[in-house]
Amino acid sequence: PNRSWGGDIATRRAIMATMVIIQKRKQMEKAKLLKERHDNNQKFVREVLLEHDKSKTGTLSFEEVREWLSSIAQGERATDDEVKWIMVMAAETRNKKGFRQPTPTDGERFRVDYETAQVEPKHFEQALGSWMDYRQTKEEIDGIFQMFDTDNSDTLDRAQLATVLEKLNDDIPPTEEDLDKVMQEADAIGNGAISKPELCKAIALWYNHVQEQYEMRHQAEEAAREAEKRAENGKGMSNCCTLQ
1 PNRSWGGDIA TRRAIMATMV IIQKRKQMEK AKLLKERHDN NQKFVREVLL EHDKSKTGTL
61 SFEEVREWLS SIAQGERATD DEVKWIMVMA AETRNKKGFR QPTPTDGERF RVDYETAQVE
121 PKHFEQALGS WMDYRQTKEE IDGIFQMFDT DNSDTLDRAQ LATVLEKLND DIPPTEEDLD
181 KVMQEADAIG NGAISKPELC KAIALWYNHV QEQYEMRHQA EEAAREAEKR AENGKGMSNC
241 CTLQ
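Numbering (the numbering used here), first residue to last: 1 to 244.
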């Protein structure tokens, strides 16, 4: 099928409207879910460990996290990238078991050794919240991937992501520097591509950047108009004085 998006303004508007809906839905669902879990967190932890901690370590390994997430998704098996993303989200809550915390100067994210990493009970709620946020956007994300994942890899490479960002910016392509920034910030797994759970952040980063650029241009134009107006007023005063 033809997946080209072309210059369809209506499609661009539709996808941006979809992202707004996604964010609102995520916020509502997350607030509801976290309130329910917070009310009885200890029971929640015991239930998760009882059902999914097959190794009896008191934590969840990579495959145990996969089984947990799959059970929440009503049996739809979590992919490797989805499990990795969830474990990175847990890592970024400062769970250091099996994770390396970057030094303040290296500018890198947590790097996860997925074979030894464990998600501890105190981070189950964070992991669950991240997973539910993602699941609420899954249908829309699948639609975007259907249009732009032309090699059916379930990831967007640099060129494919550039096309997505271009279509979200009135067909103006991102600079190499801007693309680098989006890739670096959104690629939480660190595999050099954007997976499905990473897409929302990539689009949010780009949207914020585009808005900032628009505001800067608007301010510059306003300043130029004000300067021109002052110049005209000064010229008028000069002429007035000359006539006198």
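No lab work stands behind these hints, which were simulated from the structure alone.
A few of these clues could be false.
Derived CB-CB ranges, DEER-like [said to hold, decoys possible]:
1) ARG225 / ASP180: 30 to 38 angstroms
2) ASP170 / ALA220: 41 to 49 angstroms
3) GLY190 / ASN233: 34 to 42 angstroms
4) SER71 / THR11: 31 to 39 angstroms
5) ARG12 / THR116: 20 to 28 angstroms
6) ARG225 / LYS138: 31 to 39 angstroms
7) GLY192 / LYS138: 21 to 29 angstroms
8) ASP142 / TYR207: 15 to 23 angstroms
9) ASP142 / ARG46: 29 to 37 angstroms
10) ASP180 / ARG12: 46 to 54 angstroms
Even glycine gets a Cβ: it sits at the ideal position worked out from N, Cα and C.
Hint-by-hint comparison with the structure:
At about 34 angstroms, the beta-carbon gap between ARG225 and ASP180 stays in the expected band of 30 to 38 angstroms. Hint check: ASP170 to ALA220, Cβ distance near 19 angstroms, so the stated range 41 to 49 angstroms is violated. Taking 34 to 42 angstroms as the suggested C-beta distance range, the pair GLY190 and ASN233 does not conform, at roughly 57 angstroms. A hinted range of 31 to 39 angstroms for the beta carbons of SER71 and THR11 is consistent with their spacing of about 36 angstroms.
Against the hinted window of 20 to 28 angstroms, the Cβ-Cβ separation of ARG12 and THR116 comes to about 44 angstroms, which falls outside the hint. With their beta carbons about 46 angstroms apart, ARG225 and LYS138 fall outside the hinted range of 31 to 39 angstroms. For GLY192 paired with LYS138, a C-beta distance near 23 angstroms keeps the hint of 21 to 29 angstroms intact. One distance hint, 15 to 23 angstroms for the beta-carbon pair ASP142 and TYR207, holds here, with the actual separation near 20 angstroms.
ASP142 and ARG46 have their C-beta atoms about 34 angstroms apart, which keeps the hinted 29 to 37 angstroms range intact. Here the CB-CB span from ASP180 to ARG12 is close to 23 angstroms, at odds with the stated 46 to 54 angstroms.
Comparing the model with each numbered hint stated earlier shows that hints 2, 3, 5, 6 and 10 do not hold.
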